[in-house]
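Visitor: Sequence:
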Amino acid sequence: LPTFIAEKRGWTNLVFRWYHKDGSVRDLESNAVPFLDADGELIGYRGANRDITERKNADRLLRHAEANYRNLVESSPVIVYLAEPSPPFATIYISPNINWFGYTTEEWFEKPDTWLNLIHEEDREYVLSTTEAAMQQGLDTDLEYRIISRDGTIYWLHDKGRFVSDDKGKRVGWQGVILDITETKRLEEQLKQSQKLESVGRLAGGIAHDFNNMLTAINGYSELTLRTLESDSPLRRNIEEIKKAGERSALLTHQLLAFSRRQVLQPVVLDLNEVIIDTSKMLERMIGEDVQLIIALEPETGLVNVDPGRLSQIIMNLAVNARDAMPQGGTLTIETANLLLEPDEARQKVDILPGAYVMLAVCDTGDGIDDKILQHIFEPFFTTKNIGKGTGLGLSTVYGIVKQSGGNIEVDSKVGAGTTFRIYLPRVAEQSEAAEIKDTSAELPSGTETILLVEDEELVRNLSREILETCGYTVIEARNGLEALEVCENGNCKINLLMTDVVMPQMGGRELAEKLSEKLPNLKILFTSGYTNEGMVRNGVIETSTNFIQKPFTFDTLARKVRELLDA
Numbered sequence: 001l002p003t004f005i006a007e008k009r010g011w012t013n014l015v016f017r018w019y020h021k022d023g024s025v026r027d028l029e030s031n032a033v034p035f036l037d038a039d040g041e042l043i044g045y046r047g048a049n050r051d052i053t054e055r056k057n058a059d060r061l062l063r064h065a066e067a068n069y070r071n072l073v074e075s076s077p078v079i080v081y082l083a084e085p086s087p088p089f090a091t092i093y094i095s096p097n098i099n100w101f102g103y104t105t106e107e108w109f110e111k112p113d114t115w116l117n118l119i120h121e122e123d124r125e126y127v128l129s130t131t132e133a134a135m136q137q138g139l140d141t142d143l144e145y146r147i148i149s150r151d152g153t154i155y156w157l158h159d160k161g162r163f164v165s166d167d168k169g170k171r172v173g174w175q176g177v178i179l180d181i182t183e184t185k186r187l188e189e190q191l192k193q194s195q196k197l198e199s200v201g202r203l204a205g206g207i208a209h210d211f212n213n214m215l216t217a218i219n220g221y222s223e224l225t226l227r228t229l230e231s232d233s234p235l236r237r238n239i240e241e242i243k244k245a246g247e248r249s250a251l252l253t254h255q256l257l258a259f260s261r262r263q264v265l266q267p268v269v270l271d272l273n274e275v276i277i278d279t280s281k282m283l284e285r286m287i288g289e290d291v292q293l294i295i296a297l298e299p300e301t302g303l304v305n306v307d308p309g310r311l312s313q314i315i316m317n318l319a320v321n322a323r324d325a326m327p328q329g330g331t332l333t334i335e336t337a338n339l340l341l342e343p344d345e346a347r348q349k350v351d352i353l354p355g356a357y358v359m360l361a362v363c364d365t366g367d368g369i370d371d372k373i374l375q376h377i378f379e380p381f382f383t384t385k386n387i388g389k390g391t392g393l394g395l396s397t398v399y400g401i402v403k404q405s406g407g408n409i410e411v412d413s414k415v416g417a418g419t420t421f422r423i424y425l426p427r428v429a430e431q432s433e434a435a436e437i438k439d440t441s442a443e444l445p446s447g448t449e450t451i452l453l454v455e456d457e458e459l460v461r462n463l464s465r466e467i468l469e470t471c472g473y474t475v476i477e478a479r480n481g482l483e484a485l486e487v488c489e490n491g492n493c494k495i496n497l498l499m500t501d502v503v504m505p506q507m508g509g510r511e512l513a514e515k516l517s518e519k520l521p522n523l524k525i526l527f528t529s530g531y532t533n534e535g536m537v538r539n540g541v542i543e544t545s546t547n548f549i550q551k552p553f554t555f556d557t558l559a560r561k562v563r564e565l566l567d568a
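Residue numbers (this note's numbering): 1 to 568.
Hints may be right or wrong, so weigh each one.
Stated by the list, open to error - Calculated lysine-lysine pairs in the DSSO-like style (CA-CA distance at most 30 Å, straight line): (1) 414 to 372; (2) 160 to 170; (3) 519 to 561; (4) 561 to 243; (5) 56 to 111.
To be verified - Distance ranges between label pairs, derived from CB positions: (6) 329 to 354: 35 to 43 Å; (7) 514 to 231: 44 to 52 Å; (8) 288 to 244: 25 to 33 Å; (9) 506 to 466: 24 to 32 Å; (10) 139 to 292: 27 to 35 Å; (11) 234 to 474: 31 to 39 Å; (12) 244 to 449: 29 to 37 Å; (13) 344 to 51: 33 to 41 Å; (14) 288 to 466: 46 to 54 Å; (15) 354 to 517: 34 to 42 Å; (16) 120 to 344: 25 to 33 Å.
Honestly, the hints are just simulated from the structure, not real lab data. Virtual Cβ for every residue (Gly too), placed ideally from N, Cα, C.
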């Protein structure tokens, strides 16, 4: 006011605060013109004051709400943006969260096509065409696409956008929110891969089962023929080659069964560290002098329930892969650790429950694995090695053994930065006693007992009969469970041992064994199968190898197993 008075000027829309007689503070808007005398001297002002308290309060509330909204936007887990309503959709506003991807908000305004240029080239046309189509039809968009951050990392984004119109309906902008769904996509891909491997595993298990039936006949008849040939017979070499080929094929089917989780395991409670230490000398010889082996074991790791032979196989397979990934040398690290997965941590993984685990990690400093290859590495027969350098069953075998042991496996790899496999095995409480090693050097056992042989595959049934009869046993045959029951009902139920396939049409081996055991409480039972499914393991049919023989079996294996059960 002193300035206005000194300059003899009036004022317009001058806002000031005024104390009301009731003690409250009011906002006033004042307009006034100077009142001068004939000599031009200021003698007063003429004007009006208006109480604008309510309007100012509304303005203050609006600014407060705007500040709250801005804070909400800038602290939310989404990116909020406003862009031009037509290509290239130049940025008008973008929330500071964009720095997640290595860029500042200022950089988004430097070039109008910044956003489009960061979209993954495989997704760019899809995003542009979909948005343009929505623009023409006045529709909202709901897109998922990838962008490449400043450091080259690929992120998956979920982008929901819509047009902004003015009071006259003219489109003045394109606004939306963006959510980072990279982790969700990763988990979806892991789940999809897990389901895919499950399906392939069922197929592989079925194929292995059928092959094992054929290999039982091939290997068995080869062995029977060799037993009848003179040592100088010209046929002997040919039959031996057939037998070798059959045995190599049997190894492949066993690996398929491992992948499909349908092999017979003999788990014991053991210390993972002890197995690694026992294996380390062999590993050093296997990986060569140009690869440094580092063993980093956590003291007093928990115990795990796993087949020790299969555990060694896991370590060897992963070590071989690591060695092959470092042709110029490098470092192979094997480490263990106790882990307690909380529910939130378990949810970040696929097919793993919260709880206590022992982790086995195998890390290399090799070439790393490309993302496109990474999604196939656990599939059977998938390999990047040259022909003759591998079957492609090493990692699929590891996957199957881990899963059948109740564990989980994950892999992290980056091209040029090496690969790490992490295996999580559930911790258990008690340690098992060492398994007794049986002497198999004695002569083949024989006997005169009666055996009921039940097998739906004719080749396998005929071979089994010949082996058993060669060993002196009396053999009664049946093609399935129902036929076996009929044989017993016709008075031929004086049997000492039931040898039956597990999976057969009409009636399987499990049901047959239960029915015959009711009539013959002392009946010994031997199950055979080309595979074993997890349900039978859980139900106790084939918990250990004491009452089970895996196809393809040999003359020696069957003869000893039968005698072992009859003498038990």
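Visitor: Against the range 25 to 33 Å, how does the distance between the Cβ atoms of residue 120 and residue 344 compare: consistent or not?
Guide: Taking Cβ atoms as reference, residue 120 and residue 344 lie about 30 Å apart, which means the hint holds.
Visitor: Does the Cβ pair residue 139, residue 292 satisfy 27 to 35 Å?
Guide: 60 Å, violated
Visitor: Take a look at whether the Cβ-Cβ distance between residue 234 and residue 474 falls inside 31 to 39 Å.
Guide: Holds, since residue 234 and residue 474 (Cβ atoms, about 36 Å apart) stay within the stated range.
Visitor: Is residue 519 close enough to residue 561, meaning Cα to Cα at most 30 Å?
Guide: Measuring from Cα to Cα gives roughly 24 Å; hence the hint holds.
Visitor: Using the Cβ atoms, figure out if residue 288 sits within 25 to 33 Å of residue 244.
Guide: 29 Å, holds
Visitor: Please verify whether residue 160 and residue 170 have alpha carbons no more than 30 Å apart.
Guide: Given pair residue 160, residue 170 holds - Cα atoms ~21 Å apart, limit 30 Å.
Visitor: Okay, residue 244 versus residue 449 on CB: inside 29 to 37 Å?
Guide: 33 Å, holds
Visitor: Taking the beta carbons of residue 288 and residue 466, is their distance inside 46 to 54 Å?
Guide: Holds: the Cβ-Cβ distance is about 47 Å, inside 46 to 54 Å.
Visitor: That 24 to 32 Å hint for residue 506 and residue 466 (C-beta), does it hold up?
Guide: Distance hint for residue 506, residue 466 holds at roughly 25 Å.
Visitor: Against the 30 Å threshold, does the CA-CA distance of residue 414 and residue 372 hold or violate the hint?
Guide: With a Cα-Cα distance of about 12 Å, the restraint between residue 414 and residue 372 holds, given a limit of 30 Å.
Visitor: For residue 344 and residue 51, compare the CB-CB distance with the range 33 to 41 Å and indicate the outcome.
Guide: 57 Å, violated
Visitor: Does the Cβ distance between residue 354 and residue 517 fall inside 34 to 42 Å?
Guide: 40 Å, holds
Hint violations for this structure: numbers 5, 10 and 13, all remaining hints satisfied.
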